[in-house]
Amino acid sequence: MNDSKYLLLLFLPTALYYLIFEYGPMFGIVVAFKDYNTFAGVWASDWVGLKYFRIFLFENPDFLKLLRNTFLIGVYSLVWGFPAPIVLALFLNELRSNIFKRVVQTVSYLPHFISNVIIVSMIVMFLSPDGGLINKLIGLFGEEPIYFLSKSEMFRTIFVSSGIWQGVGWGTIIYLAALTSVDPHLYEAAELDGAGRWKKMIHVSLPGIVPIIIILLILNIGGLLGTGFEKVFLLYNPMLYETADIFSTYTYRVGLLQGNFSYATAIGVFNGVVGFVLIVLTNYIARKTRETSLW
Amino acid sequence: MRTKVGVFDVVNVMIMIGLIVVTLYPFWYMISVSLSDELAVMQGKVSLWPVDFTFGWYEQVFNDPRITIGYRNTIFYTTLGTAIALMVTSMGAFALSQKRMLFRKWIMLAIVFTILFGGGMIPSFLVVKELGILNTPWAMMLPGAVGTFNLLVFRTFFEELPEELFDAGRIDGLKDIGLFLRIVVPLSKPVYAAIGLFSAVGIWNNFYSAILYLRNPDLFPLTMILRDLIIKGTLDAEMATQATVGGDLVTTDALKFATIMVTMLPILLLYPFLQKYFVKGVMLGSIKG
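These protein sequence lines map, in sequence, to chains A and B.
Quick note: the first sequence, position 222, residue 222 per the numbering used here, numbers continuous.
Positions in the second sequence are counted from 1; adding 1000 to them yields the numbering used here.
Everything labelled a hint here was simulated from the structure, so no lab data went into it.
Please note that the accuracy of each hint is not assured.
[Claimed, not checked] Incomplete in silico selection of chain B near chain A, CB under 8 angstroms:
| no. | residue |
| --- | --- |
| 1 | W1028 |
| 2 | F1094 |
| 3 | A1145 |
| 4 | I1183 |
| 5 | I1230 |
| 6 | L1269 |
These numbers come from a predicted model, not from an experiment.
Each residue gets a CB set at the ideal place from its N, CA and C atoms; glycine is no exception.
The shape of chain B in the complex, shown without the other chains (with noise of 0.2 angstroms):
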């Protein structure tokens, strides 16, 4: 059942080709760029493939003690705050999705109404402060250990069990944390794998909590130092530039491009693997809103 292509599908092809070079063209010119030699990069010659080809920026990136600081720390946060979320989120939403829980209803909206109202930023802070955690690795971990839609796409996933299941486990002699650790989870390993991620990604990424929680440069994740030396770095020579025009500054793009690109490459690895996974993860929490 072929109907013939009329000028909405050209249009639509086209503009979706549009979308689709606005979308990777950055990325595309900042691994050129970072791939290409510095007077290349300079004169302005770089544009779609690199020229006068190199690793070299990469491997100042990687000689960097700053960057290799930060990525043992961001991945120190994202491996422990990852395991720590899925526990603590996980067997709550078990004990929330079992109708026998007590005070479902209660905890439930008490659960919800955290989306629409906070104490915000410095209230947090302070609670961070009063908890002695300010300053550690855990501030990074736990105040965000439990995200309210991924409890909410768990305890969906875990009410579709069948009942059946954990009436078999019961006459075996499991009590809740034995369905629990033995049933439940062995089944769920898609929503562990979506959620993971979420929250892997989530950490990854955070730079919220570092600008507030830490001042020791040792602890800084990547987010940090990279904001340190791309963001701040250029801002501050432009304003230079600005105010003294002419002033004669060497701007190595090529390598703040691969500096980015290193602290984006994890991500970019994994992305073929996240995206499937996050659209499940999306749709599962939107079920049951």
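Excised from the complex, chain A in its bound form (with noise of 0.2 angstroms):
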């Protein structure tokens, strides 16, 4: 019964994407160290070698702050943004009421379904100067309706605040998931030492967790860099590039915008590197130290 000659067939179409969209691209790298025409096409362009990494690496003043900016919103979104579903999840785990806590899921859920473009919309309507809700608010208190989507040192708090928002709901289900099959024992052990239910929160919930936790912070810090295109792209515009724009956002107006092609794809490729080295590395050390990981 060896014979998989219909499986394959019926594996065909996933192949012919996978080697056409995921490999595709990754052999589509080699533009990086070639001087890409458009006529001749990936094949027949000359090669340059690390010529454009070298540019881009040495050369751009804007290196540095393409650098600063995505590697601080990956920071800042994994510092506030990571904690805040475990949080949740614990204390969504603590209600007593079952249905509360179906309508708490279920309301902060929504963000999460709702699309980038819809989210930066609401953010752009809701920050304006001119009658936007923030501003609106601000007024209460007597002060000045501040210009948010013009001053750079606003941006990351936009971007992370709005970022927890629209995901700490959805997140809180892998945990809760995890927490229904901590050992009631232990609760029961807990308790009879005298824990009341904050101690039991920290001490038996949250342990019990930790190896979930553990695995989905390497997958997080494996992430950092791949701060996503989409919300920056949406949310920025050339005030705010100082502390916005980021290796995506630039790869974008460098490659499609200007045609820069070979450039463009040396960017990219540069963040990718450094993201794939940064999953390996986490994941070795989560290995060593907790021996918990991902493989």
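The two chains are supplied separately, each in an independent frame; assemble them into the complex guided by the hints.
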């Protein structure tokens, strides 16, 4: 029964997808080492070696700014955004009423389904200096309206806090699932030792989900430099480039708007490789120290 | 077994109510403004309920040809794209769920590797370009046809179907394709629903492919239209007012909010169904991650 020709036939479209749309671009990376010429195509263009990497790393005055922005947006999102669902899940887990718990969950998942375009539309409207909701609130305290989206020092705060609003509820799903598998005997034992609700949450519930926390942390650290193109792209404007411009948005401008494909690809590759190294590294550290890892 | 309600519970419930308010109020506010008269909005009278109730803004939105075209395009991309994604992904996942599958381990490894590393924006663009599907509807549907996460969810589900069913099918003379169509697909409706909703919402919300691959406004999905109408318009106007403070500028927030609501409507209406299936899908995916 080792005849799998029909299975291979069923697999064919998937195989084509991965070859064309996933591995195709990986081989397309050679463009970064060539002077891409639209008319000649990828293969006939001339090799230039590491020229574009050199230009980007050593001659581009924007390099440090981009590195800083990409890194900081990632780090802030991680530092503030990662613990949020854990805390929420722990508190949700303590709710007595199952109906109320389900209501909170249903409501808090909602923003996850809303597209970035809508989220950013809402942010832009709410932060608008004339009549935006937030500025109306500020006005109640007699303060002048703030032009949030022209102040580069505000960008990260806006990005990260709206990100938490979008994702905190959805992020709890996996932790809540993990919490259901914590051994009930542990809670009983803690109770006998005189632990209250808070103590039980900290000393039983939290340690119970540590393995899943670590796995998600590894994934998140690996994705640190992969901060979403979409939301930054939609939210930023030239006045915010100083803090908002990241590798991917820069790649878009250089590559698609200016048609500098080779240079833009080199920037993308740099970003991708650093991200890949980051995930392998964190996984290694996690395995050595906590004996929990992705692979 | 009722224990007494302590400080902890009170604080906890308050936090949760706070969360509900923070999550829902923005939507509530948008609905109220979009149903109010412009004058009331400009005077800042609207905060909780619509003032001088009107459907006028929604009529205006639906009369805008850009919105209509965007809607039509988005619906088209979503339905056809979801159908393609479900077909391709489930077929591939079924093949990978069978132990006889040739090179099964290697293929899985190659697939999982794509989660960690990819070619990036420009090489992907070049692939789409060289395929000749740039600036065509296919660019909105094919590059995302298979999601690795979805593939893994399907595979996990298929692996758990009892082997006896397949044996019974084989005795009746079914080959793999027959097994898949006659036995596996009918038994897997919940997964199809979950993954179908996943990809449908993904395509409905997709902006990335549009900004990268589409140039022709007649092909723009709703997300592109919305961005041009709201985000670009508002930001441009804001920068203009900042340059010339005091310049009179007519902002029709109500119209903009109505536009946002219209774009969001299908998701909001489907949401109660979505949510349940989604959570199931996520659970299924995380079992064997």
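Q | When the least beta-carbon distance from A1145 of chain B to chain A is tested against 8 angstroms, hint result | A | Holds: closest Cβ of chain A sits about 5 angstroms from A1145 of chain B, inside 8 angstroms.
(Q) Please check whether I1230 of chain B passes as an interface residue: C-beta within 8 angstroms of a C-beta belonging to chain A. (A) Check passed: Cβ of I1230 of chain B comes within 4 angstroms of chain A, closer than 8 angstroms.
**Q.** Proposed interface contact between W1028 of chain B and chain A, which counts if any beta carbon pair is under 8 angstroms
**A.** violated, 11 angstroms
(Q) The hint names I1183 of chain B as touching chain A; please verify it with the least Cβ-Cβ distance against 8 angstroms. (A) Since chain A brings no Cβ nearer than about 14 angstroms to I1183 of chain B, farther than 8 angstroms, the hint is violated.
Q. Does the interface hint hold: is L1269 of chain B within less than 8 angstroms of chain A, judged Cβ to Cβ?
A. Status violated, d = 12 angstroms.
(Q) Does the closest beta carbon of chain A sit nearer than 8 angstroms to the beta carbon of F1094 of chain B? (A) This hint holds: F1094 of chain B lies near chain A, its Cβ roughly 6 angstroms from the closest one there, short of 8 angstroms.
Comparing the model with each earlier hint shows violations of hints 1, 4, 6; every other hint is respected.
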